[in-house]
Structures are given as structure tokens and as C-alpha cells.
Amino acid sequence: MEKDNCCRTEIPKIMEIFKVVNEGKGQKSFFFKGKIDSKPGQFVMVWLPDVDEKPMAISYWNKNEFAFTSQVVGKFTTYLDSLKKGDKIGIRGPYGNNFSIKGNACVVAGGVGVSSVSTLIDSLKNPLIIYGARTKQHLIYLKRYKNKKMLIATDDGSHGRKGYTTDLLNEVLSKNSKIKMVYTCGPEIMMKKVLDICNSYKIECEASVERMMKCAYGVCGACMINDKIVCMDGPVFNSKQLNAMPEFGSFARAKTGKRVSLHEYHSIHS
Amino acid sequence: MLNVNLCGIKLRNPTILASGILGVTKESVNRIGKNGAGAVTLKSLCHEERKGNANPTMFGYDDVFFNAVGLPGQGIDNALKDFKTLNNLSIPVIGSIYGYRIEHFGQVAKKMASLRPAMIEIDISCPHMDYGKPYYADPELTAKVTREVKNNAGKIPVSVKLSPNVYDIKEIAVAAEKAGADAITAINTATGMAIDIDARKPVLANKIGGISGPALKPIAVRCVYEIHEAVKIPIIGTGGVTYGKDAIEMVMAGATAVGIGTGIYYRGLDVFKKVCDEMEVWMKKNRIKNLEEIRGIAHK
Chain X
1 MEKDNCCRTE
11 IPKIMEIFKV
21 VNEGKGQKSF
31 FFKGKIDSKP
41 GQFVMVWLPD
51 VDEKPMAISY
61 WNKNEFAFTS
71 QVVGKFTTYL
81 DSLKKGDKIG
91 IRGPYGNNFS
101 IKGNACVVAG
111 GVGVSSVSTL
121 IDSLKNPLII
131 YGARTKQHLI
141 YLKRYKNKKM
151 LIATDDGSHG
161 RKGYTTDLLN
171 EVLSKNSKIK
181 MVYTCGPEIM
191 MKKVLDICNS
201 YKIECEASVE
211 RMMKCAYGVC
221 GACMINDKIV
231 CMDGPVFNSK
241 QLNAMPEFGS
251 FARAKTGKRV
261 SLHEYHSIHS
Chain W
1 MLNVNLCGIK
11 LRNPTILASG
21 ILGVTKESVN
31 RIGKNGAGAV
41 TLKSLCHEER
51 KGNANPTMFG
61 YDDVFFNAVG
71 LPGQGIDNAL
81 KDFKTLNNLS
91 IPVIGSIYGY
101 RIEHFGQVAK
111 KMASLRPAMI
121 EIDISCPHMD
131 YGKPYYADPE
141 LTAKVTREVK
151 NNAGKIPVSV
161 KLSPNVYDIK
171 EIAVAAEKAG
181 ADAITAINTA
191 TGMAIDIDAR
201 KPVLANKIGG
211 ISGPALKPIA
221 VRCVYEIHEA
231 VKIPIIGTGG
241 VTYGKDAIEM
251 VMAGATAVGI
261 GTGIYYRGLD
271 VFKKVCDEME
281 VWMKKNRIKN
291 LEEIRGIAHK
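First to last, the sequence lines map onto chains X and W.
Position one of the first sequence corresponds to residue 1 (this note's numbering), numbered consecutively onward.
Position one of the second sequence corresponds to residue 1 (this note's numbering), numbered consecutively onward.
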């Protein structure tokens, strides 16, 4: 049931950035050469020597390259934002579990959380995408998904519907009985609402959860949410697991291990 | 077959989760219990809330595992609210404590004791703390800290966790025993460094870290062996225990119980169950009925 792997290496590999793509306001994708053996929902640990090391979802992959997409929120991502083609940073992974791949799916993404479900969207057959961000400038991957079914909401109404992704999800599910699976990644308050909506329609849901990470392989205990270790048991959890997690949508552990409200958690870490 | 008595605490088996790995919340304690541990040591707590070091804080390769987490912790006051009590969990819990000054150790011990852990472990040996001359490196300082904690712990037994980064670990163990320690936990990590030759920098943000994993085991076995010759109190043998044979080796060196931490990295959360199963197989094959028969046998 648990891993038994006695010859492992978890040292970051120094890799050269070979392409930087401006995706949207404060959002960039960093591309690396090489194939990464990963599944939708997994992440890598990104090491900026002398700064810090943080988890980043793998947002693009193909035979010869992979990338992650970052949004400027704090010191680490500001430094990352300044990096150019040819700069070298450390990468280790991939880590974590993955989304299941099911038909008749709807993907609900909020903000830069869309980068955690982008390889999932690439792997699904005709998914319906519900995507929201603060403003039109914050929306990314629009060209990438131009041939997909997509409903958009922005907080200020500058693109798509003025309002929230959860409003759109409610409307879709109230009219459309075909959707059997909802995947989500974005602000946890949004994901909790998505879960509640799915529960009320008795539709299965999977969410990618974010917590402060250190080791990324289930040893340090920094990223616990109730009895689950996010880096190893997650980051993707299903409805049954999420419903059994009182901390989901409410509490998180700060860097010190202290349990704080999600609001306080985000004010400390961004 | 595997049950042991450690300072009056009945353990279903000798495996104890070592401090610093996962033991952050009540739910993680219960999960370690489900995976077969005999007891759990919490991540060390002090008198204040600490963030710890920037990442990378830990990494491993082959038989070596480095960490320089920098003792992050919610602090004993938050822990009192978070845990409420430690005597209603599925397995015995050892509360690990530390402080910067001697009086901090006493204050934290008193509060930890109010949570009713099965035992209090004094972490005087974390290699990443800058408290001037380290407590672990001086017999007199070790004795002072031990007395301070004993005076504040009531009837709860106290173990002192020692560092291998000293000239003579025996004199430190003797000082702790004389000062009233009920047990010795040996050992904490040995210090080391790894430099990434492509980045041209030390990998750990803290530069220097503590080495654990199988590479630490021979040092730990030597320390347990030496301490067993010097003191009468029981020893929790910790350092590189990954397989059942490692635990048997620790017991033969003189350990009453064995700590497992980094073993989780190498073999998963159920390393406790795996190690116990492997110990039982070895014991049956060698017609050993209980661990008392082989405890310290390497000294004879």
C-alpha cells in the first residue's frame, strides 16, 4: 500500500530556461527542454538558489519540453518573474498524485489555478471549461483553448460574465444532466463552493489543494490538511476525501505549523 | 514478542516515531499509530512560534538524507490549544521540547507536562540552533537543562536527546543521568554539507544540515553502545533504523526502544509495521522470545 523505494534522489536538477512566455498580467510560463514523466495534476519543486523552493504545477508538456506557469504574489514569484531565457534554476519531481481521467467532465478553474488543470484539460475528451479571473488581463491560455467549450467569468465583467465561476457551474448543472465529473483548481473558497454544488447535484468532484510545502514527499508534515499529507496523498482529492476534511475551505497550517484561518494563511504567504 | 517497557510506559513494540518527522498534529499522530508505531514523538516545540529556514530544507540521495528545517513550530502556547491533551490518542506520545535559555526549557516543560504526554524528550541537540555554546556539547549545561526540566515535569519521565557531534558522548550521558534523566535518546543528526556543483552553492538554504538515513546508523550504533556502557537508564536508539535488522542491531548495542524518522522517506509511512514484521521473522528464526534476551548482548 505504501511506497518502498530504497534508492532515491531528491536533489534539484539545475536546468536552463529555454523559453519564457508572457501569459497574462503578472503571469509567465517557463519552459525547459526534456521529457517529464508525469500525470495531470502533478507538480515539481522549483529551486531558486538563495531565495526559496516552492511547488509549481506542470502546466505544459510534450515529448521534448515541459513548463510551469507562475503568477507574481510574493518574494519568490517576483524573483521568478525577473528570470530570462538562458537563466538556470533547480527542478525536482514530479511529485504528488493525479486527477482521474473521466468522460462528460467539467473543469472549473479560478485565476492561476488554471495552470494546475491545464494538462488535465489537454488529456480530457471534450471537457466543458468554466474559467474565471479578476479581469480580462488576468485570463490566460485563451488561445490555447480556443477550440474548447469554454464559459468565462470575470469579477469586473471585462470579459465573459460578470460574476463567479460557481454561478456558471450552478447554471450548467441545473440545465445539463450529462456532466458526471467536475474537476477544480483555484482559490480554496471557490473550490469549497464547487464541492458543495457538486454534493447537492450528487456529482463526483476532484480538487487540487494547495498547502505550504517543504519536502514534497511526505516526510516533514508541513502540508497536512486534517490527516492527509497534501504533497503525497494529494494534491488531488476526491469528494469523499474532501467531505471528510473539516479544514478544507476553512483552515490551513502556517509555516510555523500553527492552524490559522484560510484568510490569515493567504495574508501571511502572499 | 515485541512489547517493551520504557520507563514504565508499556509499548506494543519498540518502534517510536523520531521527533521532527510528521508529528505536527493529532491527526498525524493517529495516522502513524495506524501504521504500526509503538509511540510517537512530536516535532519539537519551544516557548515561541518559529518559522524555520527557507527551502530547500531537506533532500536525500542514496543512503544520505539531509535536513536543516530550522525548528519551525507553532510554539507551546498554540500547541496547548491545538492538542488540548495528549493522553487520549491511539498510542503513547512523547512531547519534544527545547528553549533558548535554561529557564525557557523549564517553562515549556511545565506547559508540555499539562498536556499529559507519556514522556518528555529534551531536544538539546538540534544542530541548527544558535544558542551560543550548545547545551549538548557540555556536561554541565546538559545537567542544568535536565534538572530544570525534571523540576517542571512532575511525574512524567524525561529523556534527553544527545548529539553525536561531541568529543565524548559518554560523559554527556552520565551528566544527564546524574541530573535525573529517566532515559537517553541517542542520537540526533550528524552535521554535514552538500554542494550542488552546477549551482555552485550548498543545496540547503541553511548551507549546513543534519545527516540522517542509513548513513547515520553506524555512528548511532557506536553512540548507543558507548552510552550503554556508561549509564543504567534506558536508551531510545535512533539514527538510520530502516529495516528490522537495524532495530535488532540497536537492541544488541543496548537500546530499549528504537526511533525511526527518515525510515519513512525510504520505506513509506508503514515502515513501523515493516520493521516490526522483520524483527519478528528474525526473532522466530533465531528462537528469541523477547527483546530482553538480546538487549545489550553485543557487550558480552
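Don't read these hints as lab results, they were simulated from the structure.
Glycine included, each C-beta is placed from N, C-alpha and C at the ideal position.
Hints are not guaranteed to be accurate.
[Stated by the list, open to error] Ranges of calculated distance between the beta carbons of each label pair, as one might list FRET restraints:
1) X:Thr78 to W:Glu103: 39 to 45 angstroms
2) W:Thr85 to X:Ser267: 29 to 35 angstroms
3) W:Glu278 to X:Arg134: 31 to 37 angstroms
4) X:Asn147 to W:Asp277: 32 to 38 angstroms
5) X:Lys136 to W:Val64: 38 to 44 angstroms
6) X:Val73 to W:Lys178: 25 to 31 angstroms
7) X:Asp87 to W:Met193: 24 to 30 angstroms
8) X:Asn126 to W:Glu48: 40 to 46 angstroms
9) X:Lys240 to W:Glu171: 40 to 46 angstroms
[What the hints assert, rightly or not] With a straight-line cut-off of 27 angstroms between C-alpha atoms, the simulated BS3-like cross-links for lysine-lysine are:
10) W:Lys111 to X:Lys255
11) W:Lys285 to X:Lys255
12) X:Lys84 to X:Lys102
Here is what the structure says about each hint:
{"no.": "1", "hint": "X:Thr78 to W:Glu103: 39 to 45 angstroms", "verdict": "holds (41 angstroms)"}
{"no.": "2", "hint": "W:Thr85 to X:Ser267: 29 to 35 angstroms", "verdict": "holds (31 angstroms)"}
{"no.": "3", "hint": "W:Glu278 to X:Arg134: 31 to 37 angstroms", "verdict": "violated (55 angstroms)"}
{"no.": "4", "hint": "X:Asn147 to W:Asp277: 32 to 38 angstroms", "verdict": "violated (54 angstroms)"}
{"no.": "5", "hint": "X:Lys136 to W:Val64: 38 to 44 angstroms", "verdict": "violated (50 angstroms)"}
{"no.": "6", "hint": "X:Val73 to W:Lys178: 25 to 31 angstroms", "verdict": "violated (54 angstroms)"}
{"no.": "7", "hint": "X:Asp87 to W:Met193: 24 to 30 angstroms", "verdict": "holds (25 angstroms)"}
{"no.": "8", "hint": "X:Asn126 to W:Glu48: 40 to 46 angstroms", "verdict": "violated (54 angstroms)"}
{"no.": "9", "hint": "X:Lys240 to W:Glu171: 40 to 46 angstroms", "verdict": "violated (56 angstroms)"}
{"no.": "10", "hint": "W:Lys111 to X:Lys255", "verdict": "holds (22 angstroms)"}
{"no.": "11", "hint": "W:Lys285 to X:Lys255", "verdict": "violated (47 angstroms)"}
{"no.": "12", "hint": "X:Lys84 to X:Lys102", "verdict": "violated (38 angstroms)"}
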